[in-house]
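Here's the letter readout for the chains.
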Amino acid sequence: MTISLTRRRLLAGSAAALAMPRLARAQGAKPRITAISQWSAGSDGAAISALGKLFEDRGGVWQHNPVPGFTTDMMNKLRAQIMAGDPPAISQLKGPEIAAWSKIAPTVDISPLVKTAGYADKVSAELGKSCQPGGHWIALPLQVYRLNTLFLSTKGMERAKVSKAPTTWAEFNDVADKMKAAGMIPLANGGNRPDDGQKFEIALAGISPEIYRRALMQLDTDALNSKEVLAAFEQLRKFANYMNPNIAAQPWAVNLPAFVKGDMGMVMTGGWAQGNLFKAGATVADFSSGPAPQDSGPPCFDLNADCFIFWKSKGADLDAGQKLFAEIVMEPSTQEMYSKITGSIPARTDVNLAAPGFTDGQRNSAQVLRDAIAKDRVVLSLAHNMAQPNGITAAMIDVLTEYVHNSAIPAAEGQKKLVAAVAGAK
Amino acid sequence: MRTAATHPAAGKAAGIEQGVWRRRFGGALTGLAIWLPLVASAGHVVVFTAWTTWVSFTASSLMPDYTWVGLRNYFAVTRTANFQIAYVNLVIFGGGFVLLTMALGLLLAVLLDQRVRGENVLRTIFLYPLAVSFVVTGTVWSWLLNPGLGIQKVVQNLGWTDFRFDWLVQSDKAIYTLIFAGVWQGAGFAMALFLAGLRSVDADLVKAAQIDGAGPWRMYRRVLLPTIWPIFITVFVILLRSAITSFDLVRALTAGGPGISTMLPTLVIYDFMFQRSELGRGSAAAVLMLMSLVVVMAPYGLYVRWQRQKQARV
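Line by line, the protein sequences are chains A and B.
What the first sequence shows, in our numbering, is residues 206 to 631, in sequence order.
What the second sequence shows, in our numbering, is residues 20 to 333, in sequence order.
Pulled out of the complex, with its shape left as it was, chain A reads as follows (with noise of 0.2 Å):
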């Protein structure tokens, strides 16, 4: 019997038709990325802008939801992400948090990729170990900070008749003096948890990297009771004097107008600033940068480096997205290109920051980085979440924020606090 074509059936065979799966689609599948970032605005998010155009230019599509804010609500809306099954393709995450989620979600190995592009070679070999915390890499390195960096308005010195950089705590003090007695704001504020805390580990580090080590990052008890630390502490009051209490309440961006212009004399943070002024406007002759004041010895190099991490997601056109932004991140070229806009270092040690785009600051950085491996003075930051996970640091800061704000409480007592607080926190 022949079966006849009725009207009925013409529109039952299109609709089967058109749903069934695009099968042939998924072949040539365009490589798209999804990535969540805490880069929203400023100079970062000019970079990951770039980044995202350099993506699109090879052809990927490029989906990127930043989450304003600081690290921590990033890590909320990724932790979200991942108990929902939908995780994105790649996110930034850092430090000992890429060991700790990795147990939480599956993940992507991408050792294949970073052997083709010896990649392995070119990063220092504590990032490298903290991107690869099951035996193969899983995240990758894109850029490093410097945290102990020391920003001099050249107006304000001008102003305070400051003719060098202060190289010990010491000489430090003096210059803020000086610069409080001209009617100048010496030290510029952050104003919230992890500027307080990083202002207590800048003061740390430039008294004793041993120390440091031992305190901070292994939370051995004797050392966080040392006198070290005690002098740690009376230095981050002295910073706490010089700081101005009224910008506290308003957002760090309002410190970069008063400090070009010479009200403000020194800003003590990572090499982020740097892009920052640049995107406010600055320029080199406005500012100079260099290592924050070290006790004794070489300057040590307190580190914070950003890395993207790759879960495994669903879609061969994600898998095709990850393989190409892989591939992009790992070239020096786009190191280059994002360290120019962000004032990072790379993370591939085999960049030629003489190259213009570059400044002296951060060929310092990456000097200084390259000396302090060969001498093992590489601490991890603890405020930006590289020497601890959340827990630990969020106890300590607290500690360290109210010390900032109260000045009632002594230095001895700080101590103490911050003692209780690692053991209540482990």
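Please keep in mind that the hints were generated in silico from the structure rather than gathered at the bench.
Just to be clear, a hint being listed does not mean it is correct.
[What the hints assert, rightly or not] So these bits of chain A aren't anywhere near chain B, every CB distance computed over 12 Å:
#1 Trp267
#2 Thr426
#3 Ser431
#4 Asn557
#5 Asp576
[Said to hold, decoys possible] Okay, derived cross-link-like pairs now, BS3-like style, lysine-lysine, Cα gap no bigger than 30 Å in a straight line:
#6 B:Lys226 with A:Lys385
#7 A:Lys385 with B:Lys329
#8 A:Lys466 with B:Lys329
#9 A:Lys432 with A:Lys383
#10 A:Lys621 with B:Lys192
#11 B:Lys172 with A:Lys360
#12 A:Lys528 with A:Lys327
#13 A:Lys383 with B:Lys172
#14 A:Lys366 with A:Lys385
#15 A:Lys631 with A:Lys334
#16 A:Lys443 with B:Lys192
#17 A:Lys443 with B:Lys172
#18 A:Lys622 with B:Lys172
Every residue, glycine too, gets a C-beta built ideally from N, C-alpha and C.
Starting from the known structure of chain A, arrange chain B on it as the hints suggest.
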């Protein structure tokens, strides 16, 4: 084919039958529309509260992990400085906010009760702050109270160069700024309730007091305010609940304050759960806050039941 036209009797019966079914179906639909959302939302609250309580007894950190650890999370949370400061702040903020809001609301209500001419306009104006979300209130007040931007700077620019009003950036005084912002927002609400109460007092009572020679002050103190004391209780409980669960006001105004000096229990919970990725400890803090709410609400529930029994006996 049978139709209503050919068989009128059958058609009428079919009409009645249709009406019955339609009513039954309408009743079922109404029941569904009421009961389904009610059960869903109540069940949602109960189930998730129970789950949070369970998680608070487990070793959860980054993700839920159902290993039983007993009261360890509770001990760890109550020992942190964060938590202890938060509960001290709660007493200061809760007490100050509730008492000041009630006092200001009562004053405004009594003043508006005097049959002034622009009463409707004034009442609306006093109620406006309630229409603004707590986040907006906190943000605007943070600008007003900022010493470099707000009231202090304006007064200093006007000439009083020694004027200081920098409570917002002082660790020991920042908690009081929260009370200002909260009272500004809540006084209108208290005023509205008190005014309604004052207006609802029996006019005969007022007339009797006037005949007995009571002046306005004595009238309020001896007659009107005692009559509306159930409203005092209601306003007190609502404001206290609002103080205990206040999160967005603190977050917008001080974000925990200079250092950690204006932490409140809600911020402690948020901090543990979402900033520190310690779900177990965050859940323990949440259960503790639930306990403190029960401490407030249970007496009120008992009071309402006692009221009802008293009325039933009368």
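Tested hints:
1. Trp267: Check passes; 28 Å lies beyond 12 Å.
2. Thr426: holds (17 Å)
3. Ser431: Consistent with the label, Ser431 (chain A) stays out of reach of chain B, its closest Cβ about 22 Å off (over 12 Å).
4. Asn557: Holds, since 40 Å exceeds 12 Å.
5. Asp576: holds (35 Å)
6. B:Lys226 with A:Lys385: violated (71 Å)
7. A:Lys385 with B:Lys329: violated (71 Å)
8. A:Lys466 with B:Lys329: At roughly 74 Å apart (the allowed maximum being 30 Å), Lys329 (chain B) and Lys466 (chain A) break the hint.
9. A:Lys432 with A:Lys383: Holds: Lys432 (chain A) and Lys383 (chain A) sit about 28 Å apart, inside 30 Å.
10. A:Lys621 with B:Lys192: Given pair Lys621 (chain A), Lys192 (chain B) holds - Cα atoms ~24 Å apart, limit 30 Å.
11. B:Lys172 with A:Lys360: holds (26 Å)
12. A:Lys528 with A:Lys327: Holds, because 19 Å separates the two Cα atoms, which is no more than 30 Å.
13. A:Lys383 with B:Lys172: holds (26 Å)
14. A:Lys366 with A:Lys385: holds (12 Å)
15. A:Lys631 with A:Lys334: holds (23 Å)
16. A:Lys443 with B:Lys192: Roughly 22 Å separates the two Cα atoms, so the pair holds.
17. A:Lys443 with B:Lys172: Measuring from Cα to Cα gives roughly 26 Å; hence the hint holds.
18. A:Lys622 with B:Lys172: violated (36 Å)
In terms of the numbered hints stated before, the structure departs from hints 6, 7, 8, 18, listed from lowest to highest.
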